[in-house]
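Engineer: Sequence lines, in order, name chains A and B. Counting with the working numbering, you get residues 908 to 1395 for the letters of the first sequence. Counting with the working numbering, you get residues 38 to 198 for the letters of the second sequence.
Source of the hints: derived by calculation from the structure; they are not laboratory data. Keep in mind that this is a model prediction, so the values were computed, not measured. A portion of the hints provided could be inaccurate.
Which residues of chain A face chain B? A partial, calculated answer using Cβ under 10 Å [what the hints assert, rightly or not]:
# : residue
1 : Y1111
2 : S1164
3 : E1324
Estimated spans, in silico, between C-beta atoms of each pair [claimed, not checked]:
#  : chain 1 : residue 1 : chain 2 : residue 2 : range
4  : A       : T1307     : B       : A182      : 11 to 21 Å
5  : A       : P1176     : B       : K184      : 48 to 58 Å
6  : B       : T109      : A       : P1176     : 37 to 47 Å
7  : A       : E1341     : B       : R108      : 56 to 66 Å
8  : A       : E1209     : B       : H145      : 32 to 42 Å
9  : A       : A1130     : B       : A182      : 47 to 57 Å
10 : A       : F1368     : B       : A182      : 42 to 52 Å
11 : B       : K184      : A       : P933      : 48 to 58 Å
12 : B       : R137      : A       : V1352     : 27 to 37 Å
13 : B       : E60       : A       : F1368     : 32 to 42 Å
14 : A       : T995      : B       : E46       : 52 to 62 Å
15 : B       : E60       : A       : E1209     : 33 to 43 Å
16 : B       : A193      : A       : T1307     : 52 to 62 Å
Backbone N, C-alpha and C define an ideal beta-carbon position, used for all residues, glycine too.
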Amino acid sequence: MTRVFISRDAFALALGADAVAAAFAPHATVVRTGSRGMAWLEPLVEVETPAGRIAYGPASPDDVLGILAGTAPSLGPTEEIPFLKRQTRLTFARCGVIDPLSLDDYAAHGGLAALAQARTLGAAATIDLVLQSGLRGRGGAGFPTGIKWKTTADADGDRKYIVCNADEGDSGTFADRMLMEGDPFALIEGMAIAGFCVGASKGYVYTRSEYPHAIATFDAALAIARKAGLLGEGFDIAQRVGAGAYVCGEETALLESLEGRRGQVRAKPPLPAHKGLFGCPTVVNNVITLATIPAILTGGAEAYRAVGLGRSRGTMPVQLAGNVKFGGLFEAGFGVSLGELVNDIGGGTLSGRKVRAVQVGGPLGAYFPPALFDTPFDYEAFAARDGLIGHGGIVVFDDTVDLAKQARFAMEFCAAESCGKCTPCRIGSTRGMETLDKIAAGVAVDANTGLLRDLCHTMKFGSLCALGGFIPYPVLSALDHFPEDFRP
Amino acid sequence: MAAYEPWNEDRAAEIVAAHISLEGAALPILHAIQHAFGCVPTDAVPMVAKALNLSRAEVHGIVTFYHEFRRTPPGRHTLHLCRAEACQAMGADRVGADVRTALGVDWHGTTDDGAVTLEPVFCLGLCAIGPAALLDGAPLARLDAAKIAAALANAASAAAP
Chain A
908 MTRVFISRDA FALALGADAV AAAFAPHATV VRTGSRGMAW LEPLVEVETP
958 AGRIAYGPAS PDDVLGILAG TAPSLGPTEE IPFLKRQTRL TFARCGVIDP
1008 LSLDDYAAHG GLAALAQART LGAAATIDLV LQSGLRGRGG AGFPTGIKWK
1058 TTADADGDRK YIVCNADEGD SGTFADRMLM EGDPFALIEG MAIAGFCVGA
1108 SKGYVYTRSE YPHAIATFDA ALAIARKAGL LGEGFDIAQR VGAGAYVCGE
1158 ETALLESLEG RRGQVRAKPP LPAHKGLFGC PTVVNNVITL ATIPAILTGG
1208 AEAYRAVGLG RSRGTMPVQL AGNVKFGGLF EAGFGVSLGE LVNDIGGGTL
1258 SGRKVRAVQV GGPLGAYFPP ALFDTPFDYE AFAARDGLIG HGGIVVFDDT
1308 VDLAKQARFA MEFCAAESCG KCTPCRIGST RGMETLDKIA AGVAVDANTG
1358 LLRDLCHTMK FGSLCALGGF IPYPVLSALD HFPEDFRP
Chain B
38 MAAYEPWNED RAAEIVAAHI SLEGAALPIL HAIQHAFGCV PTDAVPMVAK
88 ALNLSRAEVH GIVTFYHEFR RTPPGRHTLH LCRAEACQAM GADRVGADVR
138 TALGVDWHGT TDDGAVTLEP VFCLGLCAIG PAALLDGAPL ARLDAAKIAA
188 ALANAASAAA P
């Protein structure tokens, strides 16, 4: 029977992929894959032909016979769809292609080679490769991964841990979720390599509870890996589930939560690399960081380093979200301009109205107007314009957006999610919300705007972590770039 | 549809015992208790505290820190509706207001007939196809009030005997 590939990713499920797969079942062999990341085409159906996979979508159960007969309108070969063709897929090379829970599929597509390579090279040489690749943490902070690993490897400790941060709480981001649902063995392999390099015997993946499908897929992958002897003696991984606290995406709050406490931020130093989980030397890395390690080892550190811009090396899975026509995941080398991502690749707004603002980097990221669309997607370039790329999410808003309302939401979100440990964040977020309410009501607008700026300064420099420290970015960028929204 | 067990101390003790040997067992224990009973009942707190060698105040602190731990069981169906920025860009504020009006509840509320609990959520990772929600854990996308009403009606009829 003909083989057809239909995603089992949450994007596809939300748009009815299960019904489409059920309709195909009597007529074809259905392989459930991860998502290709073209969310607007889900449910996407790919039919295997001698000329490669041919794509159809969005598909409905009524399209089954037409697709199998070749009479339904086709998108052509999947790999030739411009959105995919323009990408440099390294981390997501297998996502959407293989059955995420088939270790054979994983190995047939280059999986497990990197772990063997690391064992042959030895720990120190492997860490050197990670250093040479220029890989920086993809969770948002952009810290060089190799340095983190070397620090943990050099730290004294009977026990060491690898902790994977899968608490992907930023609105506009879904790369971790897609990877865990679409290529979970890449994360497992990356963690096993990290464990080998630093001498850790145990790994934890802390996944947010809002991702039930990622949790289920990753648990299933862990069981398969354990059965195959990939995990177990020497190095094992357990998944832990969060409970709806955004701040647990901050690495020290995450460690507190893993230890069974309130997710309150710790002061640094000591760094987790020296004293992390249960006081032991710990590598804390994001899902994408760890899942990129196998691709770096098999493709070569120099080749990875050759892609990118400035100090941002390699690829970034950019996530196009919100009011965007072609939403989804676009993995490309750093350096693509924001405007190209939003207008060219994303196709502008879904509503068809003018793009007025984009928020890059989640709830703590700045709102940029189209005037800043020449900013290249790069850690330093965004920082230079008082923004951040964070975990790579871009949320597009059309001209109906009210930036004063968005600024108020930022403070409201910070007040709800503050862990309470430091005063600038705990109290400042509530005072910020009240001040924005006064501005919206037209009460002493100039004086209150000055007060708000002063408050943002205190929060930025006085908060213990990025929650209170970065919430000024959306607030001040809204004030600076969209002052008209703050006038009565 | 969710079916929860009534509070039972022996059952709770079993759950605690099954997870107590884990490193940092508090969250796994609380999740398992909530999975069984639909919430973390007040009676469970001293039990968990004793098992973990913590004070009741500390366990209370953990339970109340995390948004997801409930003090009372939810309705027969739970709708987690996303309120975060990407969904806002697609009109989630309006959808949230419409749903609250239609159900006659505020956020975190349960309808009078015990059918639906409405919980706000900040991001489900469905940001390219918003407004999004989870209904009893199943993802829904491109939502408006009518689509949500249809999904709830569908869930209610599927659950009917």
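Engineer: Look at each hint and say if it fits the structure.
Structural biologist: These are the hints, each one checked on the structure:
Interface hint at Y1111(A): satisfied, since its Cβ lies 8 Å from the closest Cβ of chain B, which is below the 10 Å cut-off. For S1164(A), the interface hint holds, since its Cβ comes within 10 Å of a Cβ in chain B; the closest pair sits about 7 Å apart. Against a cut-off of 10 Å between C-beta atoms, the interface hint on E1324(A) holds, since the closest Cβ of chain B lies about 8 Å away. A hinted range of 11 to 21 Å for the beta carbons of T1307(A) and A182(B) is consistent with their spacing of about 18 Å.
Look at P1176(A) against K184(B): about 50 Å separates their beta carbons, and that is inside 48 to 58 Å. In this structure the hint that T109(B) and P1176(A) lie 37 to 47 Å apart at CB holds, the actual value being about 42 Å. Distance hint check for E1341(A) and R108(B): the Cβ-Cβ separation is about 28 Å, which falls outside the suggested range of 56 to 66 Å. For E1209(A) and H145(B), the hinted distance range of 32 to 42 Å is not satisfied, since their beta carbons lie about 53 Å from each other.
In this structure the supplied range 47 to 57 Å is violated for A1130(A) paired with A182(B), their Cβ-Cβ distance being about 41 Å. One distance hint, 42 to 52 Å for the beta-carbon pair F1368(A) and A182(B), holds here, with the actual separation near 44 Å. Between K184(B) and P933(A) the beta carbons are some 29 Å apart, a value that contradicts the proposed interval 48 to 58 Å. R137(B) and V1352(A) have their C-beta atoms about 31 Å apart, which keeps the hinted 27 to 37 Å range intact.
Our hint of 32 to 42 Å for E60(B) and F1368(A) holds, since their Cβ atoms are close to 36 Å apart. Between T995(A) and E46(B) the CB atoms are about 57 Å apart, so this pair conforms to the stated range of 52 to 62 Å. As the Cβ distance of E60(B) to E1209(A) is approximately 39 Å, the hint placing it in 33 to 43 Å holds. In this structure the supplied range 52 to 62 Å is violated for A193(B) paired with T1307(A), their Cβ-Cβ distance being about 34 Å.
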